[in-house]
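Asker: Next come the chains, spelled out residue by residue.
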Amino acid sequence: EDKVVQSPLSLVVHEGDTVTLNCSYEVTNFRSLLWYKQEKKAPTFLFMLTSSGIEKKSGRLSSILDKKELFSILNITATQTGDSAVYLCAVDRRPGGTSYGKLTFGQGTILTVHP
Amino acid sequence: DAGITQSPRYKITETGRQVTLMCHQTWSHSYMFWYRQDLGHGLRLIYYSAAADITDKGEVPDGYVVSRSKTENFPLTLESATRSQTSVYFCASSWTGMETQYFGPGTRLLVL
Numbered sequence: 006e007d008k009v010v011q012s013p014l015s016l017v018v019h020e021g022d023t024v025t026l027n028c029s030y031e032v033t034n035f036r037s038l039l040w041y042k043q044e045k046k047a048p049t050f051l052f053m054l055t056s057s058g059i060e061k062k063s064g065r066l067s068s069i070l071d072k073k074e075l076f077s078i079l080n081i082t083a084t085q086t087g088d089s090a091v092y093l094c095a096v097d098r099r100p101g102g103t104s105y106g107k108l109t110f111g112q113g114t115i116l117t118v119h120p
Numbered sequence: 006d007a008g009i010t011q012s013p014r015y016k017i018t019e020t021g022r023q024v025t026l027m028c029h030q031t032w033s034h035s036y037m038f039w040y041r042q043d044l045g046h047g048l049r050l051i052y053y054s055a056a057a058d059i060t061d062k063g064e065v066p067d068g069y070v071v072s073r074s075k076t077e078n079f080p081l082t083l084e085s086a087t088r089s090q091t092s093v094y095f096c097a098s099s100w101t102g103m104e105t106q107y108f109g110p111g112t113r114l115l116v117l
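Top to bottom, those sequences are chains W and R. Under my numbering, the letters of the first sequence match residues 6 to 120, in that order. Under my numbering, the letters of the second sequence match residues 6 to 117, in that order.
Excised from the complex, chain W in its bound form (with noise of 0.2 Å):
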């Protein structure tokens, strides 16, 4: 069975540390890795990642695919509290499988980042 797990479930810091958020997964015919955003609302986008060792930045966010190690990690530098948020990993799959273009999703990182 296809898992996305997520650690840690929840997370409290102060504004302007550095924050690192972990999602390892087993999927079959894995294609990409993406990252979402969620405040109390729709989750957005943040990141796909589809190439082991590439690094994607955007601003303070970073992540980064180990397709040999099956994780992904992301990084908040100089956290704020607008970063504060559930932050959602995602798998998808190769076209040809019976899951192609379904999502599956992990339980989610909790972000609590405090003035």
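Treat the hints as calculated values from the structure; they're not laboratory data. Please note: incorrect hints may appear among the correct ones.
Result set (EDC-like, lysine to aspartate or glutamate): computed pairs, CA atoms no more than 20 Å apart in a straight line [stated by the list, open to error]:
| hint | chain 1 | residue 1 | chain 2 | residue 2 |
| --- | --- | --- | --- | --- |
| 1 | R | Lys62 | W | Glu60 |
| 2 | W | Lys42 | W | Glu60 |
| 3 | W | Lys42 | R | Asp43 |
| 4 | W | Lys61 | R | Glu104 |
| 5 | R | Lys75 | R | Asp43 |
| 6 | R | Lys62 | W | Glu44 |
| 7 | W | Lys46 | R | Asp43 |
| 8 | W | Lys62 | R | Glu104 |
| 9 | W | Lys42 | R | Glu84 |
| 10 | W | Lys72 | R | Glu104 |
| 11 | W | Lys8 | R | Asp43 |
Chain R: place on chain W using the hints.
Answerer: For chain R alone, kept in the frame of chain W given last:
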């Protein structure tokens, strides 16, 4: 550009009633999805559709019915609502199923 919308945004109903949640997207995306989000479970796929008149079950389809007669609409029906279906429901869409999905604002459903 309305994007993807859901209605109603909030709904309270009683056990045994039929409820339909609406999803509409203006991008002409081929793929549409319904998820439910519950504490401790993240987002779980209920049903998805690759095109008009093509639908398929996701991870938790029991108790739900979908249809897709038009590309832009993907309604989700709870045939006989149960308390365990109290949840937040998100609709999403994507062009081909090979790239990121865009989510609607969600419908918060309470079944009493």
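Asker: With the threshold set at 20 Å, check whether the alpha-carbon distance from lysine 62 of chain R to glutamate 60 of chain W stays at or below it.
Answerer: 34 Å, violated
Asker: Is lysine 42 of chain W close enough to glutamate 84 of chain R, meaning Cα to Cα at most 20 Å?
Answerer: 32 Å, violated
Asker: Does the alpha-carbon distance linking lysine 75 of chain R and aspartate 43 of chain R stay inside the 20 Å limit?
Answerer: With Cα atoms ~29 Å apart, lysine 75 of chain R and aspartate 43 of chain R exceed 20 Å; violated.
Asker: Given the proposed pairing of lysine 8 of chain W with aspartate 43 of chain R, does the C-alpha separation stay at or below 20 Å?
Answerer: At roughly 17 Å apart (the allowed maximum being 20 Å), aspartate 43 of chain R and lysine 8 of chain W satisfy the hint.
Asker: Keeping to a limit of 20 Å between CA atoms, is the pair of lysine 42 of chain W and glutamate 60 of chain W held or broken?
Answerer: Roughly 18 Å between the alpha carbons, so the hint for lysine 42 of chain W and glutamate 60 of chain W holds.
Asker: Going straight from one Cα to the other, do lysine 42 of chain W and aspartate 43 of chain R come out at no more than 20 Å?
Answerer: 16 Å, holds
Asker: Next pair to validate is lysine 62 of chain W with glutamate 104 of chain R; report whether the Cα-Cα distance is within 20 Å.
Answerer: Measuring from Cα to Cα gives roughly 18 Å; hence the hint holds.
Asker: Is it true that the CA of lysine 46 of chain W sits at most 20 Å from the CA of aspartate 43 of chain R?
Answerer: 13 Å, holds
Asker: Is the straight-line distance between the alpha-carbon of lysine 61 of chain W and that of glutamate 104 of chain R 20 Å or less?
Answerer: 16 Å, holds
Asker: Can you confirm whether the C-alpha distance between lysine 72 of chain W and glutamate 104 of chain R stays at or below 20 Å?
Answerer: 18 Å, holds
Asker: Measure nothing beyond the straight line between the CA atoms of lysine 62 of chain R and glutamate 44 of chain W; if it is 20 Å or shorter, mark the hint as holding.
Answerer: 28 Å, violated
The earlier numbered hints that this structure contradicts are 1, 5, 6, 9.
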